[in-house]
Amino acid sequence: MQAEYRPQDGAAPVLSLRGIVKTFPGVRALGGVQLDLYPGQVTALIGENGAGKSTIVKILTGIYQPDEGEILVDGRRVALPTAQAAGEAGVTAIHQETVLFDELTVAENIFIGHAPRNRWGLIDRRAMRGRARAILDGIGADLNPAVRLRDLGIASKHLVAIARALSIDARVVIMDEPTAALSHKEIAELYDLVEKLKAQGKAILFISHKFDEIFRIADRWTVFRDGQFVDQGLMQDVAEADLVRMMVGRSVDQIYPKRPARIGEPVLTVAGYSHPTEFADITFTLHRGEILGFYGLVGAGRSEVMQALFGITRPSKGACRIEGKVRVIRSPAQAVEAGIVYVPEDRGRQGAVKGLPIFQNVTLPSLARTSRVGFLRLTEEFALAREYTQRLDLRAASLDQDVALLSGGNQQKVVIAKWLATRPRVIILDEPTKGIDIGSKAAVHDFMSELAAQGLSVIMVSSEIPEVLGMSDRVIVMREGRIAGEFAGERMTPENLVRAAVGLDRSAPPPGEGEAA
Amino acid sequence: MSMLKSRETILALAILALLAAIASRFPGFVSPGNLARVLTDTSPLILLALGQMTVILTKCIDLSVAANLALCGMVAALMNGAGVPLPLILLAVILLGAALGAVNGLLVWKLGIPSIVVTLGTMTIYRGSIFLMTGGAWINAHQMSDAFKAFPRTVVLGLPVMAWIGLAGVAAMALVLTRTPLGRAFHAVGGNPHAAVYTGLSVGRTQCAAFVLSGALAGLTGYLWVARYAVAYVDIAAGFELDVVAACVIGGIAIAGGAGSVAGAVMGALFLGIIKNALPVVGISPFWQMAISGSAILVAIAFNAASQREPGRIILKQAEHRT
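So the sequence lines, in the order shown, correspond to chains A and B. Take the first sequence: its letter number 314 is residue 314 in my numbering, and every next letter is one higher. Take the second sequence: its letter number 241 is residue 241 in my numbering, and every next letter is one higher.
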């Protein structure tokens, strides 16, 4: 598959990547991938979360430098050391979260960094507005160049981002999940715009999780998986099922130490949890000793549901029972008291308190238990911290050490130890192994299994299919804020999970209908 | 932790070097009697710096401390004029100071207004209230009872009560910060507010508690100030809030929150107190005093910035054990 690819229609690619390798400490994000973008064609880049799509965008836009491999523009090898160099080479990206300046006008946003100058070297506002007007007209956008960006809606901001891309005479336009925040009408307008760009001969890299739009808009496809190039071809020659198989099919190179668990009575019952904007009708039951996986694409609303269960946000509807008793959880403190703890995904921001020593991080939610008449007892704290960090096999010189000096995996252990020390009944692990090295991953998996064996109920939110399948007794798949399917036993296959997550499951409502809120 | 300790050691060494330099020309400055005088004179700054430190720990700042001090001082003087006994006055100013601090804290907590804006506003309101209460009139020494004026100066076990109150404040705050859940919460909330929320701590309530503490200390200091200088008027301690913040900064309290210690705040205050008391002795004009205090702040900030530079990720296994 790594052999030289020859396009069937004879057109030459504008931009090609060959053998791109990008390594981060402990992670090989890209292991020798290739990509070809053709003028006047849309190439869809398809892959699971973590397949390396975002890394490739950052390499194309000059934000990351590849460790190996070459970037060819018109067949000539180029380097893109900076975002500016990428712009000069004709590559531009319209990002998932639009990176624009709210306090500047539409015209200023379009021309920031390359504004037309007058003879005094000052910004020529009139020329800038005129050219902005021309570009906006070219893409059929009815926007006033003089209006401030913060007064525009998301769809209009997208148009500005696209206008900005065109203003630097881009030949390659990268669209990273451009429809994620758009309404149906706006999506239709975006498709028209993509057609216009194609007609102008731009090469478009279209990154999307939505199969319906890929089949509607793309001319070519490329699949990445786990940082590896899988295959590429023309849309007309491929079926949905093939793409799904290429996305998920992988070698079994990770071993999951899931032990057979004795699943007991229901511990947590969630009925009809809904939130005005984030999720709706979330109903599930978690049993004693069970590991319940929550799979879905990034942004499917899984973390939001967990935050509501933990009292960070409040659901507008629905009820939650713990061991049969209705519990109203309005704050994390109440959740901890009810026996629910949450290990968040973003360890840096939400997990460990850097600057505090390890033992103080561990005992932070348990201080009521380790103090007497309002005073802390450091011996008790040390004992508690030692007990739980030893159970997790934490590697640290001393419990007095600042937690900021630990590696990511060990910080994760400190956060988990912190929660176990509160003696919970339900532990929610949000992407528990994201960004940690393989060794620590195995330790976390092993420990998760042990917790379940001891009778703790675990909810594991994960975007990694092998982890979800390897660790879970049962899997709930979420899509666009709703439960898209529940799988156990033989139905727990990679294909079923991905189909439900991207909306191809026949039992789920067809995309574009039904789920419009 | 070792870095923090070394920062405080360096500050202690700087104070000793400063004292040695002064003593080389004016040996009388380091006599026990004079050092006690410096401590007494610096006590208000120490008390306020302790409160300010807790506020800064939680990522806030309290610019209203000096106005709070002045308002509570005036109330103390007025109560004294009305014949209220001293213990009641002390209780009243502490409670009033705490209440004024609570106003700051509640505005920060419930309305989510940045603390610099809140306290900039209340600072003006508190000063304005003094004017409304008195019409701008002064309360002078002869209008205060002798007991009222004498209490801070009464010598107990070789030190004036004022210095003892300063030391008691240090001991109490050290206890609160290192040995109570609240003290732990100050550090956690400032160190990582997001993580604190996930731990079940209320960031706003913790910040409010810091303001209440800071206010109570300012209220107590208000009485001490008015009684010691035997005068109360609208503008007492005007601009003193900046000295207080300066003491904290010199003491290594990170303005970004989370990092700092009682020892740092106390030494920062002592450093400024020594400079203020030494310069007239050395014969340097008070204008130089401002330049020297300002330079000390910049040096301290530059030093903190250097020591807080990201150490980089620890990827090597052996590095984890070396720290």
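Just so you know, the hints here were simulated from the structure itself, not pulled from any lab data. On a predicted model such as this, the values are computed, not experimentally measured, just so you know. Hints may be right or wrong, so weigh each one.
[Unchecked claim] Here are some, though not all, of the chain B residues that point toward chain A, as calculated from beta-carbon distances under 7 Å:
1) Ala23
2) Ser24
3) Arg179
4) Ala195
5) Thr199
6) Ala256
7) Ala259
8) Ala263
The C-beta atom is built at its ideal place from N, Cα and C for all residues, glycine as well.
Evaluation of the provided hints:
no., hint, in the structure
1, Ala23, "37 Å, violated"
2, Ser24, "39 Å, violated"
3, Arg179, "5 Å, holds"
4, Ala195, "5 Å, holds"
5, Thr199, "5 Å, holds"
6, Ala256, "10 Å, violated"
7, Ala259, "5 Å, holds"
8, Ala263, "16 Å, violated"
Violated hints for the displayed structure, listed by number in ascending order: 1, 2, 6 and 8.
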